[in-house]
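A.B. asks: In case you want the letters, here they are:
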Amino acid sequence: MSAEAFEAVVTTHHAEIFRYLRRVIGRGDDADDLSQETFLRAYRAYRSLPRDANVRAWLFSIATNLAKNHFRSETRRRRAYGEVRASTREAVDSAPEAVLVSRETGALVEGIVGRLPLKQRLAFTQRKIHGLDYEAIGRSLGCSAESARAHVFQALRKIRQGLDGHGLLPEESQP
Amino acid sequence: MSDKPAVCIQIKDDLLAVAMGEATPSAVRRVERHLAACAPCRREFQEYRAVDNAVTTLREDPLPSGRLAQARERLETRLADLRRRLLTYRIFPSPLGHILIARSELGISLVEYLERGTSLRASRLSHEPGVEIVGDGGELEAPSRELLEYLDGRRKHLEWPLDLRLARSDFQRTVLQATAALPYGAVIPYAGIAQEVGKAAAVRAVAQALRWNPLPIVIPCHRVIGTSGALTGYAGGKVGLKQRLLSLEGVPTTKRAGVLGITPQAMYILYPGEQEYCLPTCPSFSTHRPAPLTRFASRESAEAAGFAPCTTCRPDLHPISR
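Just so you know, the sequences run in chain order A and B. Mapping to our numbering: the first sequence position 131 is 131, numbers consecutive. Mapping to our numbering: the second sequence position 8 is 1008, numbers consecutive.
Bound-form chain A, shown alone (with noise of 0.2 Å):
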């Protein structure tokens, strides 16, 4: 890959690997510091790359491992989780009347995938936001394809335990 190919992929990729981060860490300017570092790592790495490398799978991975050192920190992860928290109720209070029903929903979500073990929330984001393969997980996570996968399904029981029913199914489905 040459550097003017680098450029290319600094542009495509970087505003999802800025909000990858900025879900797994918090708002602050944590992830912002993490996905400048990601791309430097990628910059330092890339003309290792083999041609065929899946790119964004590669840059989630250097994310990936720089939030799992990031959260080595317990006082970082509990801070991130208050400002997850916090930003979450400022989206909730913000929004028009009638999309809040679902908004709180989501926002519900996004505070128990805040309190997930980091496995569970870095493999659930990776997944269901992002959309990427358990293979590409797996990877980025030091883990298999199938434990991965593990990971996502169990942190989507935790959600659906989590809302307790909140949201989930409207009154007339109910038995």
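Because the hints were derived from the structure by calculation, they are not lab data. It should be emphasised that the depicted structure is a prediction, and the values quoted were computed from it without experimental measurement. Misleading hints may appear alongside valid ones.
Pairs of lysine-lysine, BS3-like flavour, derived with a Cα cap of 27 Å [said to hold, decoys possible]:
1) 1238(B) <-> 1255(B)
2) 158(A) <-> 1012(B)
3) 119(A) <-> 1238(B)
4) 158(A) <-> 1004(B)
Once you have looked at the hints, place chain B on chain A.
C.D. replies: Structure of chain B alone, referenced to chain A:
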């Protein structure tokens, strides 16, 4: 302990997979059959469908306006800084021992004879302040091959873009630029380079500048010798390599009283500023003031560098025989 029936427990992964649209056709059929008969699982299935719908709302990211643009701008600034500092390198074996070659975005910035090993740790790069070093992904393959062709005598020129930022001073850069212009098969005294850069008295400083040449071979400091014709030093004590590189270009060398030097009587000469090269016995030299002479190994090397045979001594009619 779950009080669910065993069949519901067995099917729970498939049920979730079907709700997420990720199941195989056979699992879909199995789950559909079960759901038709099991109301609690039907409800669970519908709840997972609802979870999947709720998750789609998370795909919208309320990114404050300008935030992304600011992040991108900061990234571009840091990438530009990294591009300036980043060097890629490759180490390969050669007839002169292991060689490390490194390049930046501007060009080749280092050619180094590795003496103390075959890894990056043996290189001056590992101590170079302000640079970042990564292994090359193939872009140094061609320069490495060309360098080997040069050392094998199959190539006379290395036409690489050069990056002289590893030079230690502006003076050294100027000396290196003057040295880079020396033609294949020619030698010149340190005093000649000193004169070339406009500091005729700075002969020792020129020798020091070339001692730390970051780009040996491609900036041919091996073509710079003592005024007496002695090869003097090369890259800090590697005078044997200097002799090999000069021999490759056809420059005759001999050892006299333990000192390696060129054989001046076996080389053509060029007076500074002249356009014609001469035999060392040319009578016109008696009229010239003493000056640092360029010497050529052969008529071909002198003529390839753009010089014509002298019309007085006629080296074209009376070539030096060795």
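A.B. asks: Taking 27 Å as the top limit, are the C-alpha atoms of residue 158(A) and residue 1004(B) close enough?
C.D. replies: The given pair, whose Cα atoms are some 18 Å apart, holds under the 27 Å limit.
A.B. asks: Taking 27 Å as the top limit, are the C-alpha atoms of residue 119(A) and residue 1238(B) close enough?
C.D. replies: 56 Å, violated
A.B. asks: Straight-line Cα separation of residue 1238(B) and residue 1255(B) no greater than 27 Å?
C.D. replies: 15 Å, holds
A.B. asks: Do the alpha carbons of residue 158(A) and residue 1012(B) lie within 27 Å of each other, as the hint requires?
C.D. replies: Measuring from Cα to Cα gives roughly 14 Å; hence the hint holds.
In this structure, the one hint that does not hold is number 3.
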